[in-house]
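Asker: So the sequence lines, in the order shown, correspond to chains L and X.
Every letter in the first sequence is one number past the one before it in the UniProt record's numbering, and letter 153, counting from 1, is 153.
Every letter in the second sequence is one number past the one before it in the UniProt record's numbering, and letter 402, counting from 1, is 402.
Be a bit skeptical, because a hint or two may be false.
Straight-line alpha carbon distances no greater than 25 Å define the calculated DSS-like cross-link-like pairs of lysine-lysine that follow [claimed, not checked]: (1) K296/X <-> K127/L; (2) K223/X <-> K434/X; (3) K12/L <-> K618/X; (4) K298/X <-> K92/L; (5) K92/L <-> K59/L; (6) K44/L <-> K378/X; (7) K177/X <-> K17/L; (8) K29/L <-> K59/L; (9) K28/L <-> K31/X; (10) K29/L <-> K177/X; (11) K35/X <-> K12/L; (12) K299/X <-> K42/L; (13) K296/X <-> K128/L; (14) K87/X <-> K48/X; (15) K26/X <-> K29/L; (16) K378/X <-> K42/L; (17) K87/X <-> K26/X; (18) K59/L <-> K127/L; (19) K298/X <-> K28/L; (20) K28/L <-> K26/X; (21) K12/L <-> K48/X; (22) K132/L <-> K617/X; (23) K403/X <-> K59/L; (24) K59/L <-> K481/X; (25) K128/L <-> K299/X; (26) K296/X <-> K27/L; (27) K177/X <-> K27/L; (28) K29/L <-> K618/X; (29) K92/L <-> K299/X; (30) K59/L <-> K27/L; (31) K615/X <-> K128/L; (32) K27/L <-> K26/X; (33) K31/X <-> K25/L; (34) K296/X <-> K59/L; (35) K177/X <-> K403/X; (36) K35/X <-> K24/X; (37) K619/X <-> K127/L; (38) K277/X <-> K44/L; (39) K25/L <-> K177/X; (40) K434/X <-> K28/L.
No lab work stands behind these hints: they were computed from the structure.
If you're wondering where the values come from, they're calculated on a predicted model, not measured in any experiment.
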Amino acid sequence: MQFMLLFSRQGKLRLQKWYVPLSDKEKKKITRELVQTVLARKPKMCSFLEWRDLKIVYKRYASLYFCCAIEDQDNELITLEIIHRYVELLDKYFGSVCELDIIFNFEKAYFILDEFLLGGEAQETSKKNVLKAIEQADLLQEVRRLCFLKAFRGQKHFAVQVS
Amino acid sequence: MPAVSKGDGMRGLAVFISDIRNCKSKEAEIKRINKELANIRSKFKGDKALDGYSKKKYVCKLLFIFLLGHDIDFGHMEAVNLLSSNKYTEKQIGYLFISVLVNSNSELIRLINNAIKNDLSSRNPTFMCLALHCIANVGSREMAEAFAGEIPRILVAGDTMDSVKQSAALCLLRLYKTSPDLVLMGEWTSRVVHLLNDQHMGVVTAAISLITCLSQKNPDEFKTCVSLAVSRLSRIVSSASTDLQDYTYYFVPAPWLSCKLLRLLQCYPPPEDGAVKGRLVECLETILNKAQEPPKSKKVQHSNAKNAILFEAISLIIHYDSEPNLLVRACNQLGQFLQHRETNLRYLALESMCTLASSEFSHEAVKTHIETVINALKTERDVSVRQRAADLLYAMCDRSNAKQIVAEMLSYLETADYSIREEMVLKVAILAEKYAVDYSWYVDTILNLIRIAGDYVSEEVWYRVIQIVINRDDVQGYAAKTVFEALQAPACHENMVKVGGYILGEFGNLIAGDPRSSPLVQFNLLHSKFHLCSVPTRALLLSAYIKFINLFPETKSTIQEVLRSDSQIRNSDVELQQRAVEYLKLSSIASTDVLATVLEEMPPFPERESSILAKLKKKKGPGAVSVNELEEGKREGGELNGGGERGGDSSRSGALSLLSLLSPSQHPPSSQCLMLHSRAPRMVALRRSHCSSVDLHGFTCLFE
């Protein structure tokens, strides 16, 4: 995988993971163009498209688009399932995850991603093992229970297909 | 679940993010961000040393601001400081910051590498993983220099924990990709291959990506992996869905690992060992069989995982290209997918069939699906799928179906997306030339291309049609007639004028007998387009005009009138002016013999590689055009000269030799004249049309 982008329907970038070295300027350009291209696609279209010399695999979960760029010889369908597995992990961790979770806990989204994919390749495909690793890390945290409740209105859960 | 920050909270961060989200405008956002940046800057500079928690919070805020799209030029030092904290979360944030905001300051790099080294040797697996993740995320050359020796050791050491091994494998992969020269093969390589047998599936999953990449660059060193991969694959494919426990994904056993194993096998030719090969073929057959079984789950994840393996298996079968039975089965399976309800599967089937089409074993089988593919081209709503259908038609084209396919592609071109037109044009041009039995069909096709998608017809395409017409006597008359008719259209494309101008200039005489296409009619037709054309086209037309003077002396005065007009001889463009002046002079001074010699019919072009194929390859990248095609392109060039009896050592660099011939310093004018006569006509024929920017100074001198 060359990179993964998560963005909202308004084109706001919520997560960007780059697995190839690129300058900041190039990253911004790619993001701009690709987000535009994907947002222009209609709902019934297929999840794959050719863009520059890459294959793009994308899927929408509620208000968030998950978009991966893979190389010519990579397998599209398994990439779709990589996306799904990542959503499952987020969902398990946050409990019925929604876009706001990723906005307010963006660093966690990156940590979870790193446990699952490293260098653009899947390193652990057992859901249990990945979650165990993250929970262990959480336990190592200093426990400062600042419980604060903020009511966030009506955010749809996006992992509706999770079994 | 409400979006509460988990774990330790970092309340200040959550508040800040809220503030940003509540900003009503871009200006408000920037204002809030600047306020925060000023705050953080003062805290970092402050007298009091910040505690770990605060540092972490501010570094995280900076990271957030950066990810929003703003530039951050400080905070690296604080982030690096966090690396040496004993608290995991502080380390974690520190590592995240430096892997996202990569800094090339050498002092910072030194400190970072130090921190990583400490974590790697800490024997704490969680810390080790953090460090390895960082190296994998950054993958810089400095890190490669520092750690490329250490990581293979960690990877194969007996006491390394599984989770660390996984991270080490992929970390090494990243380093190998970015700095292959720094990752040296050693005794670790044989032990890495044996990771394929590890009992921890996660370790195998990670290791196999590394092995695949290494095998591509050092196939011999890693070839023992083939039999190990086959056994592993065989065990997975034949396992019940409960065997692999958490590695089963929606009733599919280890789909990611299966796909990776199949990918690894594509780095090597079919196994030589009979037993291994037998096992593998059995495996592939099982996978193909499973595709026909009823699904164990209605969920799309189940079918995606299952089909992912199926498609990868088909890729392997195509790569081997040696088992006719499997190839035909694969083709049939894809044929079924071509009509599947799910768009994704139709897309992938079309894509996969393209590669199948080039195998001699399955080419015929692929052709049987032509009607389905044509239907897809016409009716699919998704442009990506239509494009795949077009690609497949191109791949399955051969002599038997060329006319049908070219016709379909032409009609598709009329409504195709602009972004794909140029490629389509190139493909149609290639097919038309390759499979032309009847060259008048070829000429028609190219002219149709110009008519339908003139803007996207590149130079290579129309040069080619002219080359072919020049070289084939049998099609010259037809070409002249067709191009003449095409030019009658009120709005004809400029490329059509170029082609028309050239062909009529060379072969207008073949249709001049008919009063509807008499010389003057032809000239007026061309000239009526003159003012609508760009400079290069007008230059070409001027050359056509002088050729007309030679072919049709009765047009001389009319054409000279045009050449003499101010808009030509005083034209602001140098090339046009020069041509007008010189052609005018040539037509008035030269005798009919000399004129005929200078404007002799173009000799045939020599054989050479099709530039159209080269252009398509450049457009699509190396994979697009098979080696076969390029080779054939070279051979096909020979057919270029099929029609005519003209041999001739026509030199394409004629322009240059002409110049050297005519350079005034070498020869006095009169002897040049003689030399002009004594040479074989073709050598000296003025190839103006092909020289766009040749300095004709020498030529002018001749006629002063």
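Asker: Could you tell me which of the numbered hints above are not met by this structure, giving the numbers in increasing order?
Answerer: 2, 3, 17, 19, 21, 22, 23, 24, 26, 31, 35, 37, 38, 40
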